[in-house]
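Chemist: Sequence order for the protein chains is A and B. Start counting the first sequence at 1; every next residue gets the next number (the numbering used here). Start counting the second sequence at 1; every next residue gets the next number (the numbering used here).
Simulated from the structure, these hints should not be mistaken for laboratory data. Incorrect hints may have been included.
[To be verified] What the simulated footprint calls covered on chain A by chain B, stretch by stretch (three residues with Cβ under 8 Å from a Cβ of chain B suffice, anywhere in the stretch; the number is not a length):
1) 6-20
2) 35-44
[Stated by the list, open to error] In silico lysine to aspartate or glutamate, EDC-like type, Cα no more than 20 Å apart, as pairs:
3) B/180 to A/25
4) B/82 to B/38
5) B/102 to B/140
6) B/82 to A/370
7) B/19 to A/142
8) B/19 to A/395
9) A/188 to A/142
10) B/19 to B/137
11) B/41 to B/14
12) B/180 to B/11
13) A/184 to A/320
14) A/188 to A/171
Predicted model, so just to flag it, every value in this text is computed and none were measured. We put the beta carbon where it would ideally sit given N, CA and C, even for glycine.
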Amino acid sequence: MPRPSSPRLLLLLPTTTYRTAAFVEAARRLGVALTVASDEPSTFESSQPAGLLTLDFAHLDRAVEQAAVFAREHPIAGVVGVDDDTAVLAAVIVERLSAAGELKGNPVTAALAARDKHRQRVLLAEHGVPAPAFELHALEEDPAGLAHRVRYPCVLKPLRLSASRGVMRADDGAGFVSAFGRLKAILKQPDVAACGEPARHFLVEDFVPGVEVALEGLVADGCLRVLALFDKPDPLDGPFFEETIYVTPSRLPERAERAIAACAQAAVTALGIREGPVHAELRHNDRGAWLIELAARPIGGRCGAVLRFETREGGNAKRETLSLEEVVIRHALGMPLTALEREQRAAGVMMIPVPGTGGGVLREVRGVAEARAVPLVEDVAITAHRGQTLVPWPEGSRYPGFIFARGETPEAVEAALRMAHRRLQFVTG
Amino acid sequence: MNPDEIRITAEPIDTARCKFLVSQPLHTAGVRRFSSPEEAKGSPLAEAIFAIPGAAVAELIVSGNLITVVKGSATPWPAVGKSIGAAIRSALASGAPPIAPKPAAAVADDDTLYDRVAGLFDSEVNPMVARHGGRVELIDVQDAVVMLRMGGGCQGCGMADVTLRQGIEAMLQQHVPEVKGVVDITDHSAGTDPYFAAAKK
Chain A
1 MPRPSSPRLL LLLPTTTYRT AAFVEAARRL GVALTVASDE PSTFESSQPA GLLTLDFAHL
61 DRAVEQAAVF AREHPIAGVV GVDDDTAVLA AVIVERLSAA GELKGNPVTA ALAARDKHRQ
121 RVLLAEHGVP APAFELHALE EDPAGLAHRV RYPCVLKPLR LSASRGVMRA DDGAGFVSAF
181 GRLKAILKQP DVAACGEPAR HFLVEDFVPG VEVALEGLVA DGCLRVLALF DKPDPLDGPF
241 FEETIYVTPS RLPERAERAI AACAQAAVTA LGIREGPVHA ELRHNDRGAW LIELAARPIG
301 GRCGAVLRFE TREGGNAKRE TLSLEEVVIR HALGMPLTAL EREQRAAGVM MIPVPGTGGG
361 VLREVRGVAE ARAVPLVEDV AITAHRGQTL VPWPEGSRYP GFIFARGETP EAVEAALRMA
421 HRRLQFVTG
Chain B
1 MNPDEIRITA EPIDTARCKF LVSQPLHTAG VRRFSSPEEA KGSPLAEAIF AIPGAAVAEL
61 IVSGNLITVV KGSATPWPAV GKSIGAAIRS ALASGAPPIA PKPAAAVADD DTLYDRVAGL
121 FDSEVNPMVA RHGGRVELID VQDAVVMLRM GGGCQGCGMA DVTLRQGIEA MLQQHVPEVK
181 GVVDITDHSA GTDPYFAAAK K
């Protein structure tokens, strides 16, 4: 229970996020006063007006006004967004409530650039950060004509969607026209079209060969601290780019890791990010590190659960174990985070792929107990519910579940994740 | 009882909490919660689980065929689970009750709290969650800790933790301040109609 003098955190949680439990429990462990702001009203909001708030996430001006009214009665000491959209809203709220810079946050322009893949690429190019060459195109353009002009292999990419939804590789003209048609259908779906102008355009960019990694970091006063570097041992060469396994620490040579960290720092500087978590996807090949995406938010899905950190504050010899969410909240509230290291053990997560090629309605998941029994596996979390329609990539963006493992080496962790996955059977119909 | 006939399924909730579903009942007289080895004295199964080396067991909740274990160590559940499974089999095979009945004095205090919490659930909590097709069942009150189970739209809902901590627990703090904590024993993975389903990466 928070103390009466506890600082108040405004946590921006979309109702569709996977991250609710991790952030709410982290706030409880830290003993902070918590206000959860969401895009749909909680049925308890009228009885708990300090702890629950509804903000119009779709209209920033209205949302920030609602937050400002709330803050007059309940002063806010920090704001945390958990996804691309709420990271932008957090920046807008901080800017409004923190005229003297007393709240930690990003400039709104930086948060917007991190969310918009085109704006991001323009800034990266202007600052000389290695990134795929790109062109912006409109859905109204003639795909056959475009197919003659673009360079192959290329990647078609929506401007706003997450989880690699809608991202497709094309190796020739026929492949491009096919991918264009699929992307157009995705961008016309009501939930996507609702974001307006960004859903009417897309990027065509060079396919960058090489190994892909994910970098989890924390930015303080514009300086990036790498919290973890994840290998992605399954090649992400297309035609779709559904994530599967993340394992940390990376097995890349130290020199490559340094190049990746430097590239990510250059991207942070180019976008103007000043504070808070970042999650970046990068590639590395014989020409060095390449920035593929950088988001001003922590890692998505349930994946944050694989990260544990140890801290030693001041002269206190007692080591404290923190979750990623605790690190993010502590940073937002200006709580000390001096000596922070990821735990010594290797850790990994598998985002369970949608089974088969056509998905289907989930009827049953078999073998969960057997998968949990695999040595080094810590948990198998099935997040899809019975009756849920599983949609494969590139149209889909919801993993049916996650497998977590921890062990002495990245190799052992990766093997455990694969073995556990082999024991699962998704029955669809 | 032959220990080999006892089937146990472990379902980790997170790195700290894990449910063990046992094919035989462990405690049929309601729910018992233990938050220290001292409280476990007299209950052979609870004593044995608290004594597992390196697990740093912090809490046990036993009800019917289900036991929920909360640990403080970073040891993974597959390693700790083997010792817990052995303790369960040993306790059941002995023939003695694995869990002792709740002490009478505690029952009286908890019964009073139970009635007040049940009244709050009936008058305030359930009408609120019903607006999202949900329901909340009061399972028991043990040592002033409320155990509840969510159903309907709350079971598996992406915002269930917000409902639990920012809604139900906050209301209990206001209306029944003697309550020391709230434990959700819902199997959220079995929810078939959550009001909010997680969708983004």
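Chemist: Confirm or reject each hint.
Modeler: Verification of the hints:
{"no.": "1", "hint": "6-20", "result": "holds (count 7)"}
{"no.": "2", "hint": "35-44", "result": "holds (count 6)"}
{"no.": "3", "hint": "B/180 to A/25", "result": "holds (16 Å)"}
{"no.": "4", "hint": "B/82 to B/38", "result": "violated (23 Å)"}
{"no.": "5", "hint": "B/102 to B/140", "result": "holds (12 Å)"}
{"no.": "6", "hint": "B/82 to A/370", "result": "holds (14 Å)"}
{"no.": "7", "hint": "B/19 to A/142", "result": "violated (57 Å)"}
{"no.": "8", "hint": "B/19 to A/395", "result": "violated (35 Å)"}
{"no.": "9", "hint": "A/188 to A/142", "result": "holds (16 Å)"}
{"no.": "10", "hint": "B/19 to B/137", "result": "holds (19 Å)"}
{"no.": "11", "hint": "B/41 to B/14", "result": "violated (27 Å)"}
{"no.": "12", "hint": "B/180 to B/11", "result": "violated (26 Å)"}
{"no.": "13", "hint": "A/184 to A/320", "result": "violated (49 Å)"}
{"no.": "14", "hint": "A/188 to A/171", "result": "violated (24 Å)"}
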